[in-house]
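Trainee: Knowing the structure of chain X, use the given hints to seat chains G and V on it.
This is what each chain is made of:
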Amino acid sequence: MNFELLAQLTITGIVLGSFYALMGMSFGIVYQTSKIFHLANAIPFAAAGFAAVWSAETFHLPMFGAFIVGLVAAVIVGLLILVLGYFPLINRNATLLSLFLVSLGVTVAFPNLLQIVFGTQNKTLQVYGADGTLNRAFETQVYNVGFLTITQLDIVKIIVCWLVVLCVVLFVNKTRFGRSITALRTNPTMAAAVGINSKVVYIVVFAIGSLIAGMGGLFVTTEFVAYPTMALQWTLIGFIAVFFGGIGSLPGTALGGLLLGLLSSWSSVWLGVQFAPVVVFGALFIILLVRPQGLFGKAAA
Amino acid sequence: MDGTSVNSSDGNLLEVNDVTAGYSKRRVITGVSMNVKPGEIVGVLGHNGAGKTTLLKCIFRMLSIESGDIVFDGASITKSSSVKTVASGMSFTPSERPIFRDLTVEQNLELGAHSVRDRQAIKDRMGEVMELFPILGERRTQLAGRFSGGQQRQLSVGMALMVQPKLMMLDEPSLGISPTVVTKTFATIRELAAEKGMSVLIVEQNVKAMTTIADRVYVLRHGEMVLEESGDAARERSEWWHLF
Amino acid sequence: MAYYGQIAINILILLSLSVSLNLLLGYAGRVSMAQSILFGVGAFTAARLVLPQLTDKYNANVSGVGYGMGWPWWAALLGAIVVTFIAALVISLPAVRQVKGEYLILLTLAFQLGGQQVMTVWEAVTGGPFGVAGIPAIKIGSMSFSTVKADSTVRFAILMLIVTVIVIAVCWGIGESPFGRLLKTLREQESVLPSVGKSPIRPELLTFGITAGIAGGIGALFAFSQGAMTPVNFGLDLSILIVSVVVLGGVGNIFGTIVGAIILGGLDPILSNTVGADAIPWRAVIYGGALVVMMMVRPQGLIPEGAFRRFKKGKTTEEMTPAEAMESLSRVSATHEVGSAPALEVEGLKKSFGGLVAVGGASFTIAEGKITALIGPNGAGKTTIFNMITGTFKPDEGTVKLFGQDITGLSVVDIANKGIARSFQDVRICEQMTVLDNVAVAVPKQAGEGLTNLVFRPLKTRKVERATRERALECLALFGISDKANDLVGELSYGDQKLVAIARLLATDADVLLLDEPTSGVDPANVEGVMQGVRRLRDLGRTVCLVEHSVHFVQQLADRAVFLDQGIVLAEGTVDELINQQELADLYFGS
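Residue numbers (the numbering used here), protein chains in the order written: chain X, 119 to 419; chain G, 167 to 410; chain V, 810 to 1400.
Be a bit skeptical, because a hint or two may be false.
Straight-line Cα separation of at most 20 Å, SDA-like style, residue types lysine to any residue; simulated pairs [said to hold, decoys possible]: (1) V:Lys1203 - V:Pro1186; (2) V:Lys948 - V:Glu932; (3) V:Lys948 - V:Asp960; (4) X:Lys416 - G:Arg263; (5) G:Lys191 - X:Asn209; (6) X:Lys153 - X:Ser216; (7) X:Lys317 - G:Leu229; (8) X:Lys241 - X:Pro180; (9) X:Lys292 - G:Arg306; (10) X:Lys317 - G:Lys245; (11) X:Lys292 - G:Lys289; (12) X:Lys292 - G:Glu272; (13) G:Lys191 - V:Arg1237; (14) X:Lys416 - V:Glu911; (15) X:Lys292 - G:Gly311.
Stretch by stretch, here's where chain V covers chain X in the computed footprint (C-beta under 8 Å, at least three residues) [what the hints assert, rightly or not]: (16) 209-215; (17) 231-239; (18) 274-281; (19) 355-368; (20) 380-393; (21) 403-410.
Calculated from the structure, these hints are not laboratory results.
Here a beta-carbon is modelled for each residue, glycine too, at the ideal position from N, C-alpha and C.
The following block holds chain X by itself, in its conformation from the complex (with noise of 0.2 Å):
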């Protein structure tokens, strides 16, 4: 393999790996806190992207005002999930199981719902321009440095996805608010008797978690379409990086991510891109095999 094309790929995998990270964050914060397999995190992701296509035709919004939509919807159906979906459960002590039973059936059912709402066909996020027209929101442009090609859009994932990365991090190691969501996962018994309502922890996770997935789907919607199943291959990813990297270590996760990203960019060289789904499914098999807990992630006591 050449040089160049080693470089290429590698800034193809970095731009890929980072946004598996920001998946690795959203799906992360919510499992290493609650335990709960949140499969149905999918839907904040899809939400964003709807309901920014949506409001942008309906309500003649900008770009930005579109994905504030968009990143509120996502906020709010993720809430929903958790509140009347995971609570009544919780409260009633029900297995992990059942909640992800939960967790599939909203996961089936919101997407079919989307596509009875609005179609299957996909969506553009368009935007009225000055001149009244409908327009795509976005058209990236494309930098050549050197031999190397990279997208405006690539870079403002990179920074945004990494921006994220470490505002989370240091959310939940700096802050007040974040040491309560160590405490309760680390140790839930000192958790209650230190008087940390683990209800008003989990809302505001869920609601980081969704947040973060909602900004997933702004992406894919902004670079390429929505549609109503855009959601469950990239949040699967960010399952696959958070037990990759290591469950409980955020930042072992958006290395994972990274890790995986690049991974299945170089492997597309002898693969073809296709199978890049295939390299990432065989390093978390082989991850699994020899170190169950995760290449960042301590091993359990």
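Mentor: Showing chains G and V alone in chain X's frame:
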């Protein structure tokens, strides 16, 4: 029940009336009644698995109770929750892992004051705790998980003090620490109770350590209260086997 | 007719896939999100095996038909079953090692979605997004079975009905056999299996394989019947639909699955006639929503597991008294030479955890046919010693001898088979299983726990099973609870649950029984019953060693006691001798 009985009067800080509780079908305590008066140090003794921790969790409202009633500071807390009991002036320190190992001393103490809103009060109390346990002041930015068992105990007591409880509840504070440290810890608790006028409810298997500081003791055996007597009577008692 | 035939085929396929998943999800309690993709793996494997060989290169491009190995349909069917069986074994490997629910969900989900992706891009096998066409139909004599023509559609529907009945019979047979009992125990209390001398790994892996193999076989039939298919047929939605059928119907219950499949499968034609093109998304909304609502209001499903257990031939054996049970059970001969050596001999046992010494060189012996208690203050290392004797922990140093035979370092399963069985503090009984099944699972050497016996030696299996149940009933009768044999254990009082756990110990035929806090958590009113039960174990000649924190109860129960502190034996003797020693009292109560 045998032993000297103590008149139960009004003015109890805590009253547990005929409480039965457990985990689903597994019944751990049966018809337990007890009380704690203001400023009193009360010990609940008993063998491992007698239901001592369960009793504390019931009082702290971390565990639902099947029947019975719990009154704290004049109000029934039977239907309350742990979030509220902390705010109403109760602290609970578990026997195992009574601290957050992945956080620093300072962060632990701040979490201890989770229910306190007043930032200045938190700062003042933290100063007090570090004065009381100088080692915590010296190692305020170190991870609590690296501490010895005795230091972790001190930190856990410090965390409880952060809410200035009316009733401090400690679950087996002698667990995992050496006999000399046990003596010191219990002496500190005695001093604190006298100084702050707070009540202390301790659950212990270490009969001797408990009886040296207790005003009153109960013995729980297999989920039932089998004895209540004054601290003096308990110190005189030569035979404990039949109560365990 | 053909219209109804196709509807019937769709429902029957869903039914077969769901019934086989119920084996894994319902009986063994393992979630698989990959049932749909395994169905697809079977379908494409069969298609490639059955398609004609490419003989003429020029025809390849003009015919528009796929090519393959040219196997006969039945060989292709077998091939599909074998391939999916092996695929499932491979995916489940890390999960079996991990034994954690979410790992398995993740792995199967990743396999499902990754597999879908592969199917759409791996054109050489799946034909890419356009799929494979021209798959030949099943032909028996001059009759063909496929959905291509009206009359053969009905024929295929009948064939599919026969297949479905066979699948139900197979799954029912496996689920309700001793093998199925192992699976249910695996689901409810995994750690119990090794403790009664049975490895959980083989039944778990086999179940993954069988579930997948059935899906693969059905996939092959699907391919033969449709003649053409695309990867879209094997999406995640189908996997979720199958899980929904099992959960809505009621896990661990094949009747529930049948009802669930008919309801959800029947939605399809009804919706097609009402909402038309939106039928498929509407169905997904309905079953997704139903899943959520069901978990809230009726988590056990439409027909709960064990709903029909009272109709099962209860074979009303005349009630046995404890004395009769004692008589009958005492005929079980001991597996060791009587009086040759102490039942259990622990020598210099040491164990530390990360520098913390839990057991610091414990030596003691347990006399045969007596009740011996381990006592000591908190942290004396009693439970750690139990764990080392039973092989849960490997000792750092020291030996454990059973009737003179060194068993140090053997696995939990091997030690249990040598004749040491243990109970657990937290009972670990299987609440959704009957009392009888809870005990029967512990009976050693059951022919019906092997699948080959179930298939090839059904008569012997039945005979052994009858003996197994009889033995289990005797064990229950000894404790006076045989009248509850057909109740679910979850319905019993905690005291009775403890007795079931002790009966399970007895059923293992082990000579040495280790009881971890037999009376803890039992209502004061029922403690006497449990203690009576422990004494009966001794009266049967079993050697009993127990950890019990209440000295009060130890005094009433134990013939001898071993006093431990910080993992070292300080004294042995009768309980009264021990509690008269002042230094032991000082250790216990502090000084």
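Trainee: State the violated hints by number, sorted upward, taking the hints as numbered earlier in the document.
Mentor: Violated hints (numbers, rising): 1, 2, 18; every other hint is consistent with the structure.
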